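The listed protein sequences correspond, in order, to chains A and B. The numbering of the first sequence is numbering that gives the first Met the number 0, which starts it at 0 and goes up by one. The numbering of the second sequence is numbering that gives the first Met the number 0, which starts it at 0 and goes up by one.
Hints listed in this document are in silico derivations from the structure and should not be mistaken for laboratory results. Keep in mind that the hints are not guaranteed to be accurate.
As the list makes no split between identical chains, a pair holds if one copy fits it or if it spans any two.
No more than 25 Å apart at the CA atoms, straight line, and that leaves these computed lysine to any residue pairs for SDA-like [as the list claims (entries may be wrong)]:
1. K72 with L277
2. K72 with A448
3. K72 with G440
4. K370 with T109
5. K274 with H452
These numbers were taken from a predicted model, which means no experiment stands behind them.
2 protein chains.
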Amino acid sequence: MSAIHTPVSRRRVIPAGFIDALRDRFGDRVSTAAAVCEHHGTDESPYATMPPDAVVYALSTDEVAWVAAHCNKHRVPLIPYGVGSSLEGHLLAVQGGVSLDLSGMNQVITVHAEDFTATVQAGVTRKQLNDEIRDTGLFFPIDPGADATLGGMAATRASGTNAVRYGTMRENVVSLKVVTADGRVINTAGRARKSSAGYDLTRIFVGSEGTLGIITEVTVRLYPQPEAISAAICNFPDLKSAVQSVIEVIQIGVPVARVEFMDTAAVRATNAYSKLDLKESPLLLFEFHGSPSAVREQAEAVQEIARDNGGEDFAWAEHPEDRSRLWTARHNAYFAGLQLRPGCRSSTTDVCVPISRLADCVTETAADLDKASFPYTIVGHVGDGNFHVLMLLDPDNPAEFEESEALNRRLVERAIAMEGTCTGEHGVGLHKMAFMEAEHGRDALDLMAALKHAFDPNDILNPGKIIPPPPVGKLVA
Amino acid sequence: MSAIHTPVSRRRVIPAGFIDALRDRFGDRVSTAAAVCEHHGTDESPYATMPPDAVVYALSTDEVAWVAAHCNKHRVPLIPYGVGSSLEGHLLAVQGGVSLDLSGMNQVITVHAEDFTATVQAGVTRKQLNDEIRDTGLFFPIDPGADATLGGMAATRASGTNAVRYGTMRENVVSLKVVTADGRVINTAGRARKSSAGYDLTRIFVGSEGTLGIITEVTVRLYPQPEAISAAICNFPDLKSAVQSVIEVIQIGVPVARVEFMDTAAVRATNAYSKLDLKESPLLLFEFHGSPSAVREQAEAVQEIARDNGGEDFAWAEHPEDRSRLWTARHNAYFAGLQLRPGCRSSTTDVCVPISRLADCVTETAADLDKASFPYTIVGHVGDGNFHVLMLLDPDNPAEFEESEALNRRLVERAIAMEGTCTGEHGVGLHKMAFMEAEHGRDALDLMAALKHAFDPNDILNPGKIIPPPPVGKLVA
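This is chain A alone, in the form it adopts within the complex (with noise of 0.2 Å):
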């Protein structure tokens, strides 16, 4: 894959002896070879490959524990990898150094059913998961759309298509296994609903994308089968109308499990890529989760207010042969996305506003987009007021590239205005960075960057992510 952007790479000197000393403990767990690096310093996002200096596939939670202490003694930069489907540059090695691959880590280690939790090694993925937990009459909710790891999850503050109903994994995380910089091991907690004892260090590394500690085991929340589903697809006449439906829908309180918007373009994308028939207009896919009557409730009530913001009658979903390829096509968006302009290399950016600005947010985004030089596509969870944004860029014109740079920069300027986020889900990686101070404030980025320097102080953790450095002349607190 070609790219078109290529970040500021500030490389550190290896230590000579660092390398066999990896190898005298991992043997062909490491690898230097250019293809494999290259491999672990790429994701999805629009920046230039970043490869680190070497990758250690680690098995267990001590042989993170080593590796942190061997990098943490030598000042090597460390990186943990899932499966590199981060979107905003979270895992490029602008640093250089060592890429720590955990998808070896892929045990299931308790389900404890009785509680609703699973404890599971970092590289386990979601389907996995939900695969390895079927039988209990459970399920894990948090989908993204790719098949991320629960590792990588945690560490993006992930969320998905249920996150209306079930929320994101800050709220779906019960304890961490953590490797500190320095190579210790500690938990964040144990496994009760809730506490009170001391800071919530669970919900400090949670969104921290790699910058305070490795996660090497997860404990999540589970969640009862639903007794009744029923899914369904909703046209509207125009992207404003299918929104102000969501935001009616929200507002008088139905716990509706899922409800996505798509435009005209993502639906185009994703018949094309997935072999659906969708009729192509703005849409809402909508999913209900409880008894069947309370289902039958909700989906009444939806249907309801969609018709009288001018949605045509529901498409159902019945069978869950139909609901399974509906949502597999929704998740497949992004590749279907990609599809729209052969050969492209794609910009992904997500904001997220309180729900009583969600049309205007939309509608002002889609307007700017239309003046784009270049195709994208509009998806979005909308119940919780998150929506992405697709641009599809020729990766040999640069002058597209800033084109969407400066888009994205509209769209984030104009989600905080509104008290909103620079990223609902994505996480900041090297993407969102430019944005933290205006969202945030220098105040609570000093706050944050005493956070990470206590936590790493060496600085060895995913440098170069998250905070922005401060203006030059202007110390950090």
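Keeping the supplied structure of chain A fixed, place chain B upon it in accordance with the hints.
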């Protein structure tokens, strides 16, 4: 109230002129009167009064920032104060200093009904908020027994009877305005439902008990008042069958809004205090929220489980007045308990365990308490696995205090051994500090200490709380 236990006090020297400067700035909103200081050095814990050197009544975030900067400059302890309803010694001025009374900051600033959020000053109490938003059709569910302030509730990560359905302050604080130790003002987040934009400053301050910053504004989530509500009382032949019923209700996933346990002594105390005639055996109080049909379905499912466990037929509280009377009585269970032994001083404690271990934990605890030389009650937010023990002690008999502390220690050890926590909702304060290492391990405590030092390098914010000092000879990283 006479007191029975005096923790170690190491009062700092207040520099000459320090209090004069406060008087210059705040006039008669500074007090050093003994009665005022004693009031602000007393909570509902079993500890002796520990008065601050002065009390300042702040009316704005700017004033709080001024006081923080002044205290930080002179290394004087600063302890935020709401209504003094904390239970574990949180607000005691063990090192002297300034108690900052925020009860005058009691304005509801904005209600965004369309987004289900309200922003209030830290001194607004939960009942005040609910009174002020009643006309919007929304409510704020978190309800510790006392009519605590929202600032205090955020600072202790409070919950209450509704947490099983609506979560705790951890899930329901959207953002905070916080004054840092050096007097800067930050906002921890915007108003979007979710965000992945950097470290979770909101969750860092929720539960930090005034040790990391001073919360001056709180933005919380609101919920639609349920379309239908029903409440029911169910008596059981013994404690174990009541708790077992709760476990089964949670395990089949009934979205019960409240499920509260009271042991026979608590029922007896409540009858006497609140002039009720509840049958005096272990009982559960249930409340169901939803559409009329959902409420009916939930109640039927729960009645069936209760009956299978030997529970009696539900006694319904049909009318809103009856429900309100019942829940007021439940919220007053603490004060009712105190009346079981006139002139007593109480020691309260709370633990929380995974729901599958709740029956074991409660029955073992009751067996242990049955051997005590003083009366006790057990009540609990059992849907969360959380329960409280109220021990009624003779304030003039130090042996009873020692005995109660030994029982508390065994209770906490039991809970931690069951993967639970030493406090589900009270917080650490002074009373749970001794258990922090057993629960978290020294390495995790070192991270908490590093966070504290990063945010409050001069240790002025509520010093001597949450984190026990490291063992002699061991350095904190």
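Taking the hints in turn, this is what the structure says about them:
1. K72 with L277: Neither: 57 Å inside a copy, 66 Å across copies.
2. K72 with A448: The answer is both: 21 Å in one copy and 22 Å across copies each meet 25 Å.
3. K72 with G440: Answer is between: at 23 Å across copies they meet the 25 Å cutoff, but 33 Å inside does not.
4. K370 with T109: neither (52 Å within a copy, 37 Å between copies)
5. K274 with H452: For K274 and H452, neither the intra-copy (50 Å) nor the inter-copy (57 Å) Cα distance is at most 25 Å.
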